[in-house]
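**Q** Single-letter residue listing:
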Amino acid sequence: MSTTAKTGPDKTPPTGDERELGAAGAQLSTAPADEAPHLPSLGVLGWARWFWRQLTSMRVALLLLLLLSLGAIPGSLIPQEGIDATKVEDFRTRHDVLAPLYDKLGLFHVYSSVWFSAIYILLFISLIGCIIPRTWQFVGQLRGRPPGAPRRLTRLPAYTTWRTEAAPEQVREAALALLNKRRFRAHLAGDAVAAEKGYLREVGNLAFHIALIVMLIAFAWGQLFKYEGNKLVLEGDGFSNTLTQYDDFKSGNLFTQDDLDPFSFTLKDFHGTYEATGPNRGTPRVYEAKVTYSEGAYGKEKATTIKVNEPLEIDGSKVYLVSHGYAPVVTVRDAQGKVVMDREAVALLPLDANVTSSGAIKVMDGYRNAKGEKEQLGFNAFFLPTYGGKGSAMYSTFPALLNPMLALSAYHGDLGVDAGIPQSVYQLDRTNMKEFKDSDGELFKKQLRVGQTMTLPNGAGSVTFDGVQEWAGFQVTQQPGSVWALGGAVVAIFGLAGSLFIQRRRVWVRAVPGADGVTVVEMAGLGRSESAKVPEELGDLAEALYARAPGAPDPEPGSDPASDRPDTSDSPGSPAGSDPAAPSAERAEKK
Amino acid sequence: MTLAAVTELAAATNEHLANISNTLIYSAMAVYTLAFFAYIAEWILGSRSKVGRTAAALTAGAEARARTGPAVTVQKAGGTAVLERPRVVVRSAAGARDVPDGPGAHGGTEKGDLYGRIAISLTVLAFLIEFGGVLARALSVGRAPWGNMYEFSITFSTVAVGVYLVLLLLKKNIRWLGLPLVTTVLLDLGLAVTVLYTASDQLVPALHSYWLYIHVSTAIFCGAVFYVGAVATLLYLFKDSYENKLASGGTPGRFANSVLDRLPAAASLDKFSYRVNAAVFPLWTFTIIAGAIWAGDAWGRYWGWDPKETWSFITWVAYACYLHARATAGWKGRKAAYLALIAFACWLFNYYGVNIFVSGKHSYAGV
Ligand code: HEM
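Line order of the protein sequences matches chains P and V.
Anchor point for the first sequence: position 362 equals 383 in this note's numbering, and the numbering is continuous, going up by one each time.
Anchor point for the second sequence: position 318 equals 1474 in this note's numbering, and the numbering is continuous, going up by one each time.
Hint data in this document are derived by calculation from the structure and do not stem from the laboratory.
These numbers were taken from a predicted model, which means no experiment stands behind them.
Beta-carbon label-pair distances, calculated as ranges:
1. V:A1435 - P:D279: 44 to 50 angstroms
2. V:Y1353 - P:F522: 38 to 44 angstroms
3. P:F270 - V:A1435: 42 to 48 angstroms
4. V:Y1353 - P:T325: 36 to 42 angstroms
5. V:L1343 - P:Q278: 54 to 60 angstroms
6. P:T474 - V:Y1353: 46 to 52 angstroms
7. V:R1431 - P:D105: 38 to 44 angstroms
8. V:G1489 - P:V511: 29 to 35 angstroms
Calculated lysine-lysine pairs in the DSS-like style (CA-CA distance at most 30 angstroms, straight line):
9. P:K455 - P:K467
10. P:K328 - V:K1464
11. P:K202 - P:K218
12. P:K339 - P:K108
13. P:K311 - P:K323
14. V:K1464 - P:K339
15. P:K218 - P:K554
16. P:K411 - P:K466
17. V:K1328 - P:K218
18. V:K1464 - P:K271
19. V:K1488 - V:K1327
20. V:K1464 - P:K108
21. P:K395 - P:K466
22. P:K218 - V:K1488
23. V:K1328 - P:K554
24. V:K1327 - P:K218
25. P:K271 - P:K321
26. P:K125 - V:K1464
27. P:K554 - V:K1488
28. P:K311 - P:K289
29. P:K289 - P:K328
30. V:K1491 - P:K554
31. P:K289 - P:K271
32. P:K339 - P:K289
33. V:K1327 - P:K554
From the three backbone atoms N, C-alpha and C, an ideal C-beta is built for every residue, glycine too.
This is chain P alone, in the form it adopts within the complex (with noise of 0.2 angstroms):
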């Protein structure tokens, strides 16, 4: 952008043609004019001005937006607590060093740490500071006129006239009804012509800006009020939609219990499908899973089938399909024999991309030992869907069910669920338990097929790997607030571009009685930045007025009214006009 349209302080002093466009180019759009800091003087409230004009200047906006993105590269190189919790503990235990320094500066939390937050809430402040006296002068602008015509109008980036035998007030009547037709604002002041087109162009820019703040609210509005919770469920099993039955919930600030859609689903079945050869074998092509679900406390029953990209949206929440995994069915008989764990699904979690899994099977009540004391039973569980063949590692070797596999070893004693303090169900806290030993006193292990029961030692009862179920993670979230953040993310897109692709533009035309009587049309072009555009127009609008107003023979030598009139020399005739390699309005625009 030229510095054709600035006025105000400028970095350089106005030249003489800055001076002489004076108010003509004045407004031509609301961008504060730069200051030079120069330090008050004035007291507090003096500081307190100045201060607050620094913030809101252009300079400064252009140093924050600076500052965030600096500030946000931190965030993408170093591990993050709220995305990868366990790379964090990771690197704290490889960097000491550098852990306790991150942990200061908070570089392991960067999008919540004081520092990220306090250089987008000078942005925010800047950009409201900015906004709302753009927008006031905005509205005085339109309310205004566009500013009359400058004396000299050959001084401009674009110009042109001619003589005509009309008379002066026909001619300003003509471009008058002319550039209203074409949608300009004019009206006439003076001997001239004023008119303005391409206000949308501010409008689309104070539309982006506001559309920017619409949409920071809505996400600290999200942040504040959401939810995300998830929760393992079985083939066959049911959720509904309360803070009991979660595995897990984080939820913002200002969130409340009843802030949860009241709804119920069940997972029918869960299916998915792996590439089965070539180099991404194993890559999993679909995942889906057909539920049934009813909407608010009563609600009638539908089915539906989630897919990874195909959330399932029930009033202001989504449920997503995030993981999945197996769950070995076991049948576990005490000594007696007596059935104390009946053909239950244990769900255990992957570990890998082939889905390795481990977890843990907890025999809580009913089980009595050889001696008929009660007792608890834990098994550390390792499950493989296709188990490479004896003598292989113990890994999965594809993700679907080819060649189940689960390995148990086998503790008993006291699991330690009843001291009250919360355990997780897929680990074994083994600080009350003993080991069963095998016939070498070493802890007892086995493996197991589909249909394979293992004896535990010395009577102890019984085992039966029965089969496997599937289970499906679902994610449940609530972001209240992300309509709003949509909606001021497409208007943010249609500001931008009407900012970026609409030039605001001034076109004044002059007409008064020459020397010699004979009517003088100037006509001018003002753009906000030097573009071909400007003068491009304003050959068509001098084209269509010139129909109306056509040209008059020349004076004589010497008589011309506007004798400040550019030298002209290079008339078409000549090389530089008519070179046929390079369109002359082309050419005049790179000047």
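Given the coordinates of chain P, work out where chain V with the ligand should sit on it, guided by the hints.
**A** Just chain V with the ligand now, with coordinates in the frame of chain P:
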């Protein structure tokens, strides 16, 4: 799930088409190489006789301008046909340098121009072949060819060349871009077929969404346009220092004289790069929003500061900085140009760096 389903899906990947695609990509590289040499020939054989306009304008013109004020060009609106039309006089802003655009790589000579035209014809041919390669790849996997970095790279360079050819077709003064463009396209393709190559394959479920088509296609297009803008910006910086040197009475080296003088004037390059960057910025904004919508569906959150998301955001803010800088006194010109280059560097890092060095949700499909 059944085994039958697994094999059926695997069969969907058509080996034959994939091989055709590879052949086409290699052929395109060969033709781009020929084009590269033709561009070189254009630069070398383009005579230097007509070069020196900048120097002439900046030295001889200086005194003249001091007397008459900024130069004035006369433009006859509407061309020669309409004689009954007033002439529009255009004058440049006060203080603007008045430098004509260079003649282009061919230096205004017929021989140079001939090689230039050959180079462009070869570029068109290579573009068509490469386009065929991308298409065959898409058909072989039965989806858009954007599932991994290899596919992304071949599509990206195709689109970049496409953007260049469209600008040429629109009669924009952009022929000078040919050599740098083809050079980087060759680098990009070389990297793609060696380091990044991934056998054709289907997408992981997280990538199945029509938002993928929208998000990734606009991302690739924006990247290609940003790239064109960045090259223009870089050349602007060179040309600007060249002009500055001439204007302050210095004598640039022979290389600068020969090469830079043939480029458009610094002001033209500056304006061109601004237009290009400003024109795609709204689309880039849209790309990020489309990505957020997709992430909302695929991962259950719209924005999670995943490295790729973060770098898209950084790139966006950097370009916003650039646009602001152009409107801020004291930041126009060179400083704004540096910002534009930084912004493009962010885009590049997002494209290569994040996939290779940083792990996140986006880096799944075989790099
Ligand atoms: C959240 C951070 C911001 C972003 C992402 C942003 C983005 C943009 C973009 C992309 C433009 C280019 C549109 C154009 O050239 O017409 C622009 C223009 C503008 N911005 Fe911002 N902006 C931000 C904050 C601000 C702030 C805080 C101010 C106030 C000081 C401000 C004042 C302006 C002005 C005055 C223009 C118009 C410049 C002109 O008319 O050429 N912006 N902004």
